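Enquirer: Those sequence lines, one after another, are chains A, B, C and D.
Numbering-wise (my numbering), the first sequence opens with residue -8 and increments by one.
Numbering-wise (my numbering), the second sequence opens with residue 23 and increments by one.
Numbering-wise (my numbering), the third sequence opens with residue 431 and increments by one.
Numbering-wise (my numbering), the fourth sequence opens with residue -17 and increments by one.
Bear in mind the hints are in silico, worked out from the structure with no lab data behind them.
Predicted, not measured: the structure shown is a model, and the values here were computed from it.
Think of the CB as a built atom: it goes at the ideal place given N, C-alpha and C, for glycine as much as any other residue.
Don't take each hint at face value.
[Unchecked claim] Listed next, with one range per pair, are the computed distances between beta-carbon atoms:
#: 1; chain 1: D; residue 1: M67; chain 2: B; residue 2: I112; range: 24 to 32 Å
#: 2; chain 1: B; residue 1: H67; chain 2: A; residue 2: W246; range: 34 to 42 Å
#: 3; chain 1: C; residue 1: P806; chain 2: D; residue 2: M67; range: 53 to 61 Å
#: 4; chain 1: D; residue 1: P75; chain 2: B; residue 2: V139; range: 39 to 47 Å
#: 5; chain 1: C; residue 1: P508; chain 2: A; residue 2: S(-2); range: 42 to 50 Å
#: 6; chain 1: A; residue 1: V20; chain 2: C; residue 2: G606; range: 27 to 35 Å
So you can see what is in the structure, the chains are spelled out below.
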Amino acid sequence: MTEEAASIDLEVLRYRPGEQARLENFSVVVAAGAKVLDALDTIWATQDHSLMFRRACHHSSCGACAMRINGRERLACITAMADAAQEHHPIRVEPLHNLPVVGDLVVDVAGFFARMTASDLVITRTAEPELPVSVDRLPPPLRLRQVVVAEDLGRFTRFESCIECGICVSVCPSMAADDGFLGPAALAGIHRTREATRDPMESAHLLALADGDGGVWRCHSSFECTASCPQAVDPAGRIMSLRGQIVSRRWGRLWRR
Amino acid sequence: MAEEMASGRRRPTRWLDLRGRHEGAWAYALNRLTGIGLVAYLYVHLGVLSLLAHGPSTWNSFLATSKAPFFTALDALVLLGVLFHSLNGIRLGLTGVGAAVRWHQLLLRSLMALAVVLFLVAGLLWSIRG
Amino acid sequence: MSAPHVVVIGAGSTGSATAHDLALRGLRVTVVERGEVASGTSGRNHCLLHSGGRYCVTDQESARECIAEARILDRIMPDILERNGGLFVALNEPDLAFKDRFMEGCEVCGIPAREIPIQTALKMEPFLNPAALAAVEVPDGVFEPFHFCLAFLATAKANGAVVRTYTEVMELVTEGRTVTGVRVRDYRSGVSATIGADIVVNAAGPWAGKIAAMAALAVPVTPTPGVMVTMDCRLNNMVLNRLNRPSDGDIIVPQRATSIIGTTSWVVEDPDRIPIPPQHVAQMLASGQELVPAVGQVRVRATVAVARPLVTKAKADSRDVSRTFECFDHSADGLEGLVTISGGKTTSSRAMAQRAADVVCSKLAVPAPCTTQATPLVSYRSFYR
Amino acid sequence: MRAGFGVEKRSTLSWLWQAATGVLLLPLLALHIIANHFVVTGGERNFAEVASYLGNPVIKVLEVLFLVVVTSHAMLGVRSILFDMGVPRRSRPAVSWAVTALGVVTVAYGIWLTITISR
Chain A
-8 MTEEAASIDL
2 EVLRYRPGEQ
12 ARLENFSVVV
22 AAGAKVLDAL
32 DTIWATQDHS
42 LMFRRACHHS
52 SCGACAMRIN
62 GRERLACITA
72 MADAAQEHHP
82 IRVEPLHNLP
92 VVGDLVVDVA
102 GFFARMTASD
112 LVITRTAEPE
122 LPVSVDRLPP
132 PLRLRQVVVA
142 EDLGRFTRFE
152 SCIECGICVS
162 VCPSMAADDG
172 FLGPAALAGI
182 HRTREATRDP
192 MESAHLLALA
202 DGDGGVWRCH
212 SSFECTASCP
222 QAVDPAGRIM
232 SLRGQIVSRR
242 WGRLWRR
Chain B
23 MAEEMASGRR
33 RPTRWLDLRG
43 RHEGAWAYAL
53 NRLTGIGLVA
63 YLYVHLGVLS
73 LLAHGPSTWN
83 SFLATSKAPF
93 FTALDALVLL
103 GVLFHSLNGI
113 RLGLTGVGAA
123 VRWHQLLLRS
133 LMALAVVLFL
143 VAGLLWSIRG
Chain C
431 MSAPHVVVIG
441 AGSTGSATAH
451 DLALRGLRVT
461 VVERGEVASG
471 TSGRNHCLLH
481 SGGRYCVTDQ
491 ESARECIAEA
501 RILDRIMPDI
511 LERNGGLFVA
521 LNEPDLAFKD
531 RFMEGCEVCG
541 IPAREIPIQT
551 ALKMEPFLNP
561 AALAAVEVPD
571 GVFEPFHFCL
581 AFLATAKANG
591 AVVRTYTEVM
601 ELVTEGRTVT
611 GVRVRDYRSG
621 VSATIGADIV
631 VNAAGPWAGK
641 IAAMAALAVP
651 VTPTPGVMVT
661 MDCRLNNMVL
671 NRLNRPSDGD
681 IIVPQRATSI
691 IGTTSWVVED
701 PDRIPIPPQH
711 VAQMLASGQE
721 LVPAVGQVRV
731 RATVAVARPL
741 VTKAKADSRD
751 VSRTFECFDH
761 SADGLEGLVT
771 ISGGKTTSSR
781 AMAQRAADVV
791 CSKLAVPAPC
801 TTQATPLVSY
811 RSFYR
Chain D
-17 MRAGFGVEKR
-7 STLSWLWQAA
3 TGVLLLPLLA
13 LHIIANHFVV
23 TGGERNFAEV
33 ASYLGNPVIK
43 VLEVLFLVVV
53 TSHAMLGVRS
63 ILFDMGVPRR
73 SRPAVSWAVT
83 ALGVVTVAYG
93 IWLTITISR
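Please put together the full structure from these sequences, using the hints given.
Expert: Take a look at the structure:
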């Protein structure tokens, strides 16, 4: 690949409530190494201020720019234009599924955030004895060094890996079908909160929520959330783990009766 | 479509849209399709068995027609559906209570391989049984 | 009589905090923002919650402001901060020579700083350059800029403020020599409308000059971009700084699963179009490796260039411009009803908001005092409702 | 009540039932298929063979058990799909009743058929 800037074509879903959705074509000159979000920023700045899309941090920690790129849910800020252009021509950019579209690529995350609130997930927590998420991505020699970190880190805190981007909500087949479903992120949040909380009432309430009508039993085990999560949160694994906790608790109750 | 986008209303058939999805979603959709197919087959099967209530001659003459290749193909299809649905069900049951979650992909692939083997064995038995 | 109405232009950290402050004082507030919350400079932030250590030698006014504000933010938004502290690390003799001045500066500014044995530092930061000579710990922290702004705005909304995103200011509406509102284009509906205001607060960051220009005014705000390089994994627990005067590529801020190396500094005309100079990226990676050699072994996840709104004083070199903020009441320029608040950094945005709201309230003869330093913010999640 | 997400669980036991019937189906279905279609000449039992097969009381019990289990698994599955297809929450009890009724009718018919044939 050259260092030269190149012109790349995109088709972006344009939509306003009450109107027909359509794909609009844009050609944009971006630098080598540019991300899809850079291209949208450039379109916005040079061609069309009415293009609506969410963006903030541009480095994958805020979760605002989750969208479907070539039919797959991704964070636009870390999806390379060059890669996306090789997959599909022109690069297709659409909003997330399973959330109301406010305009163009912007989805209304109110219902999603309400679910996250129900999960009681606080974004800061005590650090675990390894640096989260990055652990799988570290090259092996660095991972060895990581073991040392295990000692004496009780005082450190970490932001949760979950950036509340909504990708798991968009890919989830159960979410597509059932709007009472809490969804992968919130259920993973419940699992996380239960790991962290020392309040037995809180813990019991959250397990009851996970066992409720909108809870873990609505999941159909497609594992799409885990496969698509940009932050390696593993919502499906956490949902399954919650099921295990629920089943063992019920089993225990059965015999105590 | 526009109205659906604005309301974020769920599309009940979206689980069938597998573009960009991973194998787990394929397994989910196939599980559902085979499930629907097998329920339909259950009633067809029960309907056919009602011929038994009409006495030996009705049943035995039906048996003669059921040897046609069309019915054999249908049987093979049902067997494929049964194998997929039950072996995938093993995966769902295991992962669904928190077991083998980490190996769910390997599990799926192994079980699918087993389904193919069982299907071939069944075919072999079928053909040598005469 | 209903409360005066203030329009705040910009939903970055300054505008968000200003809206919160004004709403808390009982004013009616409307925030207009042309994109998403924090879609400009504030979002593309280095995420550093300054203890003030970075400025304790070169700019003690800033340093004092930082430590005071960091402590306030710790009280009002504890849930969305990582308070893991920061290390200032000496890698060579000149760094080591700077240490005494640094410790003295911290003491003068009231920043708790203590030197820790290098072995301890390496235990806390296993990827730190093992050849480091000395390490000083200060109470730096990390925030996530999007949630930072959302939390201020969510609280403002809870107190009655209206936030209109995807709504761009096209012109300032004036009657004689008084700004009486803004003409906006709402991109959701495609409709243009006028929003009346008793006072308009220009909190447009590096775009403040463009807003002021709508009223044929000039504000001394210079868009000064910096480049940040985000690595594909997190290599540090705490903020890692070079123990020396602030310069290019001397700080690595951890953020969730990443580490962000920053930053450079130059000046541009148009903050909407900032090319990323490849040599700046190379420079970040090179100096990042001096602090954390492992930087050379992991991939880059993202590179970002974004314009800071620096309030220029007489000096020319952008690095020497003061990091503190200014609030301009344009009645001094002969135009009533417009206040510009600019400069500063995210850590100081609450203090900036207090200054702007003080100016607004004194102009409107609203006696309410600022209470933001003691008012915990509501959850950022309640912004979207 | 937080953000409107309740903890009521009208349908949460259904997953466990689905799994339990699924597990039971594995041996029962294998028996049913092998006994009726693989160990038999020609792949189908003629009328006399069917009658004698079902005349065995153990087989009769197992086949009826199979019928009950397969029907409940099927009805739970149908109900789950209907729920996913957007049956509103307040209509769900009606759907549950409907599939239960269908299941009962199906099983009753099957038992009647079994008795009729083996008589």
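Enquirer: Each of the hints needs a verdict: does it hold here or not?
Expert: So, going through the hints one by one against the coordinates:
1. Here the CB-CB span from D:M67 to B:I112 is close to 26 Å, well matched to the stated 24 to 32 Å.
2. One distance hint, 34 to 42 Å for the beta-carbon pair B:H67 and A:W246, holds here, with the actual separation near 39 Å.
3. Judged by the Cβ atoms, the range 53 to 61 Å given for C:P806 and D:M67 is violated: they are separated by roughly 44 Å.
4. At about 44 Å, the beta-carbon gap between D:P75 and B:V139 stays in the expected band of 39 to 47 Å.
5. Between C:P508 and A:S(-2) the C-beta distance comes to about 48 Å, which sits within the given range of 42 to 50 Å.
6. A:V20 and C:G606 have their C-beta atoms about 45 Å apart, which leaves the hinted 27 to 35 Å range violated.
Violated hints, in rising order: 3, 6; the structure is consistent with all others.
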